[in-house]
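Visitor: From first to last, the protein sequence lines stand for chains A and B.
Position one of the first sequence corresponds to residue -2 (this note's numbering), numbered consecutively onward.
Position one of the second sequence corresponds to residue 29 (this note's numbering), numbered consecutively onward.
Simulated from the structure, these hints should not be mistaken for laboratory data.
Here the structure is a predicted model, which is why all the values come from computation and not from measurement.
Even glycine gets a Cβ: it sits at the ideal position worked out from N, Cα and C.
Treat the hints with caution; some may be incorrect.
To be verified - What the simulated footprint calls covered on chain B by chain A, stretch by stretch (three residues with Cβ under 8 Å from a Cβ of chain A suffice, anywhere in the stretch; the number is not a length):
1) 390 to 400
2) 422 to 435
Stated by the list, open to error - A few chain A residues that don't get close to chain B, going by computed Cβ distances all over 10 Å:
3) S5
4) G14
5) S31
6) F62
7) A63
8) G66
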Amino acid sequence: MREPAVDSLDVYRQDAGLSHAELWLRYFELGGMSTGSELEAYLYGVRAPSTHDHDVIAHALNERFAELGGNYPVGYSEAVGAN
Amino acid sequence: MLGLNSKAGRVVVQCLLQRGLREDGLRRPSRPLRRTRLVAVSTDGTTSRAGHPPAQPQVVRLWVRPQGVAGGAGRPCENEGHGVRDPSTRFAVTTTFSGTEAVLALFGRAEHADAFILGATLDSAIERRPASMVLDLSALDFIGVAGMVAVANAEKRLMEIGATLTIRSPSELVNRLVGMMDIAHMPRLLDGATATGEHLGTKQKAEIPFGATERAHGNPSADFRRVTAMPSDPDVIDGALGLIVELARISVEGADGVSVSLLRHGRLSTVAASDQTVMDMDADQYASGEGPCVDASVQGRGFHAEALAGESRWPTFTPQALGLGINAILSSPLKAFDQPIGALNIYSRRPLAFGPKDQAAAALFAKKASVILSDAGAGASDTQIAFRYQEALRTRKVITLAMGVLMEREGVDEDAAFSDLLRLSLYHGEPLREQAHAVVRSARQPVLGPEFELDA
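Given only the sequences and the hints, what does the whole structure look like? Please build it.
Guide: See the structure below:
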């Protein structure tokens, strides 16, 4: 288990080949409530997402990595306790 | 303090109302300007003709705050020594002219919609042809991507008139955001990119000789971050693709020429190219309907012609390429929403020019270009995009329903219900939506406790 690495979320996004718009749509699809600008702020580490938001973003990214045949590289919060 | 009817005030307001965002290289903000409220445009000192900085310092202030917020220009307050600012202001920019120097001080949060105002204010200041511009970011809390692009565009225009841009005292957070755009890095990029002529134009004709060998020495990942932070305006997208072409040309060892082909209106066309030879090569492939560029664009996978002299896959195109002195081609697919929509093509005069490292770099550049294209909605019709949004809404609804079921069933709150759902997804190794469907289906099954059993 590890702390959410907020400052590296955008690196994951780039590795996943997702545009900001695509990631936001996936985040929204999973129930995310933040705006696109807020999401960008989370990705760049400008603002810290809530634990829930971090987990939604992490899972949106991880599902993309899974689609690409990879594993789930983005860590979740302790609330999920999955890694 | 002068009001909206002052000469300088009119200039700025007209600039805001009339200047199209495309001219600034920015897309129209998702929240139109009318939803914000221009609180005040004020000037201190004298006005001057455009192109002639005033002898006396001149100050122009522009305040914007969300519509519906009470208060007005009559209630300014001191703001930590940074001048007058209405406390309810979301974003403000103050322009001060002192001799040939323009100082723009930004306050608050420069959200996406504010980039319009920021870009117009920067343009307005640049039109006075200052020798130098200082951007004071010490009181700026946040700047969005569009705002950063406005600043980058301003720097480009300042360079064109031989002026300098200095960024003063950005906060740590803003510094990180601006750093991602790599604005300070831009002169080096432009040294290479501007040599290709109008690199922000749609169809480019380069002036760099085909096969020029100069290489940039920088951090490609920083360049990527800058490029991928671009917004979706078509001109900016083509400009970003042009930048990718240039970065690929100077980064991939064997590259003598690079182009980007895109499927537009059912036809392939070259939207960015490093030189005329490459444009001709692409055109030959479109005309003959064969070649690695065409195949990569249609089939969505990479094609590598290591040595054209021994190539048999494209009998019409290969002799034409050889005739133009090309001996190796590496075409990597570009995709938007996972659909092939074009190719990044790298050409070399040398056979066997592209080793594994070059192929990996080409794939990386293609991936970055694909992100830009996806952001732009390239290759996707309005119907397809609408369908994707509908699909997202349906999934979101099912997930919300599943969370409700879990909240009722487990007696937990919303966040805990989502965490439960997430754990289920991870445990089963299935997408969250599948688990949500399963939970909702389970709720449909009648669970009859003793108190609900029907009498026989």
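Visitor: Could you run down the list of hints and mark each one as holding or not?
Guide: Against the structure, the hints come out as follows:
no.: 1; hint: 390 to 400; verdict: holds (count 5)
no.: 2; hint: 422 to 435; verdict: holds (count 5)
no.: 3; hint: S5; verdict: 13 Å, holds
no.: 4; hint: G14; verdict: 5 Å, violated
no.: 5; hint: S31; verdict: 13 Å, holds
no.: 6; hint: F62; verdict: 12 Å, holds
no.: 7; hint: A63; verdict: 8 Å, violated
no.: 8; hint: G66; verdict: 13 Å, holds
Hint violations for this structure: numbers 4, 7, all remaining hints satisfied.
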